[in-house]
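Q: So you can see what is in the structure, the chains are spelled out below.
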Amino acid sequence: MAQNQFYKEISDAIVNLEKEKAIELANRAVNENMNLLDVIEKGYGDGIRRIGNLWEEGEFFLPELMLGGTIMQESMDILLPKLKSSGENIALGTIVIATIEGDIHSIGKTIVGTMLSANGFEVYDLGADIPAEHIIDTAIEKNADVIGVSALLTTTMFGQKKIIDILENKGIRNKFKVIIGGAPVTKSWTEECKADGFASSAVEAVKLVKELLNK
Amino acid sequence: MVNIMKFHDWLKDDSKIVLFDGGMGSEIFKRGIKPGKLPDMLNIENPKIIYEIHKAYYDAGADMCQSNTFGASFLNLQTYKVENQIREINKQALESIKKACPPNRLIVADIGPSGEFRPPVGKATPDQWVSSFTKQANHLADGVDLWHIETMSDIEEMSAAIEAIKSISEKPIISSMTYKKTKRGFYTIMGDSLEKCIRIQENAGVDVIGANCTLGSDEMVDLIKELKKITDRPLSAKPNAGQPRIDSNNRAYYDQPIKDFVSDIREIIQLGAKVIGGCCGTSPDTIGEIRKVIDSL
Chain B
1 MAQNQFYKEI SDAIVNLEKE KAIELANRAV NENMNLLDVI EKGYGDGIRR IGNLWEEGEF
61 FLPELMLGGT IMQESMDILL PKLKSSGENI ALGTIVIATI EGDIHSIGKT IVGTMLSANG
121 FEVYDLGADI PAEHIIDTAI EKNADVIGVS ALLTTTMFGQ KKIIDILENK GIRNKFKVII
181 GGAPVTKSWT EECKADGFAS SAVEAVKLVK ELLNK
Chain V
1 MVNIMKFHDW LKDDSKIVLF DGGMGSEIFK RGIKPGKLPD MLNIENPKII YEIHKAYYDA
61 GADMCQSNTF GASFLNLQTY KVENQIREIN KQALESIKKA CPPNRLIVAD IGPSGEFRPP
121 VGKATPDQWV SSFTKQANHL ADGVDLWHIE TMSDIEEMSA AIEAIKSISE KPIISSMTYK
181 KTKRGFYTIM GDSLEKCIRI QENAGVDVIG ANCTLGSDEM VDLIKELKKI TDRPLSAKPN
241 AGQPRIDSNN RAYYDQPIKD FVSDIREIIQ LGAKVIGGCC GTSPDTIGEI RKVIDSL
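Protein chains in written order, with our numbering: chain B, 1 to 215; chain V, 1 to 297.
A few of these clues could be false.
Calculated cross-link-like contacts (lysine-lysine; reagent style DSBU-like; alpha-carbon spacing at most 30 Å) [what the hints assert, rightly or not]: (1) V:Lys180 - B:Lys207; (2) B:Lys177 - B:Lys210; (3) V:Lys183 - B:Lys215; (4) B:Lys210 - V:Lys37; (5) B:Lys187 - V:Lys183; (6) B:Lys187 - V:Lys37.
Treat the hints as calculated values from the structure; they're not laboratory data.
Work out the full structure, taking the sequences as your base and the hints as a guide.
A: Below, the structure written as structure tokens:
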């Protein structure tokens, strides 16, 4: 019961965007040798999921989402090294994410990367204006589960299709789930370029990746 | 001076609905601009296209059109590493629109967002915004009749843009935010409520308060209803033509029938909006149809 109270305290610190408290609780969990998998899942994970819900309800907006994501990340920076040293691998999956070549818009993609990372995925954010070939090479190198490609411009969206075309040509389409996003991306475009899914917000992106990887 | 009075006269004339232009970006893309290219660079590289688009809007009956300077603030140009061309990009934009503007119509300076967000989303400060918009506005101030600050998703950035323009110009200002519809009503993506945005814009002393982009024409009807309840200022509305789709040539198109858009616009006018136009996906054809509606009122 006391432990559940501790998890709730963590979750509340995340939702209330209390950075110092979230970090203090992470340090306490490490110092007191708590079950860190439970701390992450029932404490921090619960908090970030509540932030996602508040976004969907129109209670939280970009600043809260971004702040929550970065507090979560900083807490993870304390918890993960300890977990890894004890041989646990808690990453839910590996994701390579980028804004496609010709498109310099990075905010949306960065927010998606932050939220995926905050939700326990290992994220390689390559930045903006990245050639399709480089995205794919990195995905192969990092043995990624998911490739995420963002495009804000209607003129650069076809780069998302190019990723899938290249994967097909190389015969490795089935090795990766490919998700796409960005203001102009729709369901019909997702179907047309044969992507595995699209999301219209960072919160939806997290749900989508979890669904695709059955997490 | 004459034209500044003209816009104020239009605002005072209850029977006048001011017809603004439609989308610039989507018209440029129809003409095959390269991916990732900043549309504002066309002011220098292909001014003929920009002139033709302005002319098409004026010919369709627009009372006023805006310069192709949406992305030509200092900070945004810096992102594209062309900030050293800020003068030329803005000056050439003016040349194209001046050439296209018939007598007794107006030229509007278009000021779009800097692309840089404030913390915790980005790193921009209000001082950086003010400086960036002032640098752009200095190149436009003499050649235009009024200002349109648009598609702002942060009321703090809007305030910075208004402050910048008021520091160098006394010409009328239309300030237009972009809102998304949430379960709790209309908010900016940064979490500013309608009420908060309106109060700040009123206090900043702008002439017309508006909304553009993000919302399609049907949602814009709902937004204008809300705005009418909370402000007496003249209102401006420039909605999108629905949401974009992609054709077999990988080009974006908007498939909302013009008649549906125009039918919503008719309702927006009846609700009391003063300045009417379109944003992404609207074309000179759309503006021509709205002209007919206005003339029939």
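Q: When the hints from earlier in the document are held up against this structure, which numbers fail?
A: Hint 4 alone not satisfied by this model.
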